[in-house]
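*Asks:* Listed in order, the protein sequences are those of chains A and B. This note's numbering puts the first sequence at residues 1 to 113. This note's numbering puts the second sequence at residues 1001 to 1113.
It cannot be assumed that every hint is accurate.
What the hints assert, rightly or not - Simulated DEER-style distance windows between Cβ atoms: (1) A/Arg-51 x B/Tyr-1010: 35 to 41 Å; (2) A/Gln-45 x B/Ser-1007: 18 to 24 Å; (3) B/Gly-1016 x A/Gln-110: 48 to 54 Å; (4) A/Thr-10 x B/Glu-1069: 23 to 29 Å; (5) B/Ser-1007 x A/Pro-113: 47 to 53 Å; (6) B/Pro-1061 x A/Gly-16: 31 to 37 Å; (7) B/Glu-1079 x A/Lys-56: 43 to 49 Å; (8) B/Pro-1106 x A/Pro-82: 40 to 46 Å; (9) A/Pro-9 x B/Leu-1111: 40 to 46 Å; (10) A/Gln-110 x B/Lys-1070: 31 to 37 Å; (11) A/Lys-71 x B/Glu-1056: 26 to 32 Å; (12) B/Asp-1026 x A/Asn-18: 22 to 28 Å.
No wet-lab data here; the hints were simulated from the structure. Don't be surprised by glycine CBs; every beta carbon is placed ideally from N, CA and C.
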Amino acid sequence: GESVGLHLPTLSVQEGDNSIINCAYSNSASDYFIWYKQESGKGPQFIIDIRSNMDKRQGQRVTVLLNKTVKHLSLQIAATQPGDSAVYFCAELASGGYQKVTFGTGTKLQVIP
Amino acid sequence: DVKVTQSSRYLVKRTGEKVFLECVQDMDHENMFWYRQDPGLGLRLIYFSYDVKMKEKGDIPEGYSVSREKKERFSLILESASTNQTSMYLCASRRTPASETQYFGPGTRLLVL
């Protein structure tokens, strides 16, 4: 079956360093990808998205990279702050019809002060 | 900003009880979704609704039903709660199928004893 997975379940990063969270996807038909941040006790919050016609997209302190050749997605957080501590998960979506979204299981980012 | 609210943050129910989870969004979104989130399993789609009075089964609809009588409100119903329905329940909405990003509510953590 198709899946969206994360390589590292937990990532510990020193405050001020850059963080990289990875995601593998298997559905070659997926053409839209989203990163969500979920803080403890809260619902997922949209961070950034990217379409398959792009390989990089930047937001405020965050960058998403898409490598369609190896079906890999990453989220880079610059100058990681304690407030970035959360679970991050990716989601993939294939256009057409209902556009079923498949969510990854998440990576927990721990920022060390 | 999109606001999705859920009627309860925490619920404790007994096996066999009928449980109602309410979700309201204030942005006139056509599509609404109910997910459950369990450790290691990610988000799993229970039901979704394209529009008022329309509903479609997701990946794990067994033991659940839904109601969408008004555009802004999407209810999840556990007809006879069971312990394996103990979970975090997340509601989401999005504008149309062409608008891919889903916006999530804060979640309802349900414990069935």
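*Asks:* Hints broken by the structure, by number, lowest first?
*Replies:* Failing hints, ascending: 3, 4, 5, 6, 8, 9, 10, 12.
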